[in-house]
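Undergrad: Listed below, chain by chain, are the residues.
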Amino acid sequence: MGVFMSELLWAEKYRPRSLDEVVNQKEIVDRLKRFVSERNVPHMLFAGPPGTGKTTVAHAMAHDLYGENYRQYMLELNASDERKIEVIRTKVKEFARSKVVGEVPFKIVLLDEADNMTADAQQALRRLMELYSANTRFILTANYPSKIIEPIQSRCAVFRFTALKREDVVSRLTYICQSEKVNCAERALEVIYDLSEGDMRRAINILQAAAALGDVTEDIVYKVVGLAHPREVREMLQLALSGNFMEARRKLRELMINYGLSGVDIVKQIHREIFNPEVKIPDDLKVMIADYAGEIQYRLVEGADDEIQLNAFLARLALMGKRLKV
Amino acid sequence: MSTQRLPWIIKYRPKHVDEVVDQEEAKEKLLEWLKSWEKAPPSKKAILLHGPAGCGKTSLVEAVAKTYGYELFEMNASDSRRKQDIERLAKVASQTSGLRARRKIILLDEVDGLDPKSDVGGVESLVEVIKNTRNPIIMTANNPYREHLRPLRELSEVIAMNRLKETDVVRVLTKICGAEKLDCDTEALKEIARRSEGDLRSAINDLEAAAALNKKVTLETVKAISAYRDRIYAPWEALRKLFSARFVFQAREAITSTDLTPDEFKTWVNEHIPSWYDDPYEVWRAYEALSRADQYFGRIVKTQNWDLLSYALDMMGPGVAFARTKYKGKFVAFKMPERIKLLAETKRSREYREALAEHLASRLLTSKANVKSDFIPYLRVIFTNNPKYAAKIAQSYNLPEELVTWLAGPKAKDVLAYMKKTKK
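So the protein sequences, as listed, match chains A and B.
Read in order, the letters of the first sequence correspond to residues 1 to 326 in the working numbering.
Read in order, the letters of the second sequence correspond to residues 1001 to 1424 in the working numbering.
There's no promise every hint is true.
[As the list claims (entries may be wrong)] In silico DSS-like cross-links for lysine-lysine, where the CA-CA straight-line distance does not exceed 27 angstroms:
1) A/Lys223 / B/Lys1039
2) B/Lys1027 / B/Lys1215
3) B/Lys1029 / A/Lys13
4) B/Lys1347 / B/Lys1328
5) B/Lys1411 / A/Lys223
6) A/Lys223 / B/Lys1029
7) B/Lys1011 / A/Lys181
8) B/Lys1066 / B/Lys1039
9) A/Lys91 / B/Lys1368
10) A/Lys13 / B/Lys1421
11) B/Lys1165 / B/Lys1029
12) B/Lys1131 / B/Lys1347
[Claimed, not checked] Chain B residues, not near chain A, derived (Cβ > 10 angstroms throughout):
13) Thr1167
14) Val1248
15) Ile1273
16) Val1283
17) Glu1288
18) Asp1294
19) Arg1350
20) Ala1361
21) Lys1368
22) Ala1369
23) Asp1374
24) Ala1390
I should point out that these hints are in silico values taken from the structure, not numbers from a laboratory.
Note that the structure is predicted; figures quoted are calculated from it, not measured.
Just so you know, even glycine gets a beta-carbon here, dropped at the ideal spot from N, CA and C.
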């Protein structure tokens, strides 16, 4: 594997740089290419599941518009990292102030994960879009377009990205394997597709981690995914449900220290675990646990203490487990 | 100066280690540690001696110095914030005792008196002094578990002293009565001892006050002059009060009877609910109450509405105490919460994860949240399983050493070694 002294993450290395390299989302790409050739881009909303290429396509289009140094004409913001609309406002204001030089009369603001913004923040965003529309174009991406307020949707050309098809993902993974001279079993790539649920980014990450362990076989793929998603959460859950509160609490501390997980991360993982078919608990109990998980997550967001709330959660699981003899 | 005028608490200070009562374990540990200095400075160059007020912390150190011929350099830590004091302290600490000079002990009294807000640099400068000292340093504190004392705690051997037993307090008082040629009723001395709750200093003060009134110390005079003091309890004593409270008010009082803030005490309760309760039903009820208290604390911080504190205390005190299904008197040794030790580690780990996400997000054209959920788990797999490959990735992304170390965990050394090799 790899003869170079340095190795990139494949998700970066095999990302299409130009629209011509984008293999799927064909209709979208064709329309965007027309915008590029006409040097005329509307505000746009890219909607669709994670890992379907929304951000990649936005970058590829900007690349085709402005050339290699496109990033100086594009302001990249991520709504889930910059939660305050004031921050966004200041940055956009600053960015829009400078004039554009070159053939393209506008610059691009890429606002990723815009559906993470509150409705109020989106209202403010809408005003920003109007205020600076003379020399900027906004590209918003969202997993859930329904969470984008209508006034914004109506100002944007909406593009729906669809989950990648099995053959698209598998053929891309095969291509990467060939370029990297890695032995990949076809069946292993199928398993990667199943595990990544059509998310190309995750699929590539699994492939790279598997290749780091050796030939990419079905077993290695399962091993990698198991290693990446700590089993400790499931173990903690099972310890608690078997009534062993003290051990479950110890596991909880381990998770927080070794993996740097926050309370919310752990609650979410518990939630995911209980609906995993391998975890054998009665369905009515699953529902009760899910309900309590939601309550705990809300408390944490409200400012409560990670460990105390999760201990309360585990204590409750221990009691439920004992009562229902899981 | 005539000895008559000396307050009894000074006059009757132990002059020899053997006169120090009730603190066998602390004595033994302290002497052993001092002995270890004779060869070379031990790994812990300071001792944090703690115990309730009046249990004889300072007296013990003074008695040890007297008995074994140490020169005692004494300083009250809460005064030591002045720059020249710290400098003087640092100078004394760094001196080696010459061949003829007497060996030295540095005593820093009441380090818990350092105010975390106004003495911001105080703890840090003490930490420096301890790191560089060539002489044994002993610190005393009523309560060493305040969060701002953590750096001192980590550097020191922590030794606990106990509240004195009532009978021992009575014994000391009887001796003083003899020396002062007083006529003391045994009942009167017992009453003083009982009210002192193991605080010998306050007991001696009370006896002196009673004797000043009348050469004959009776139960009546004692009752007339000595009031119950508001006591400050060590966290484990407060926990015992809480869990074994019979009434709501006792459980509530327990929380405010330590000099920990309720928020700090919360950590102790969190740690010890399962040490006290073993029935899952009780454990659950107690945690349920504590988690409600914790919610109130969160809301107080968020809204600054301190009215809510009352509800928080209700849940944390009575809520936890009356999680029991039936009253049990029992003895549990409450240790210092593991969590106080772990908190720093957890925080560091979380900061590394955040820093790594920040470092990679822009390169990978995604949010920090996505880097955390989709990239870091797989990077970990690579870094913990294939150090050579990991080193190459680390180089492409200019990952700083501490992030590599965090990602690679047990394989950190290997990854860093490969990075060095390829750099050349």
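Undergrad: Going through the earlier hints one by one, which of them does the structure break, listed in rising order?
TA: Of the numbered hints, 1, 2, 3, 4, 6, 7, 15, 16, 17, 18, 19, 20, 21, 22, 23, 24 do not hold.
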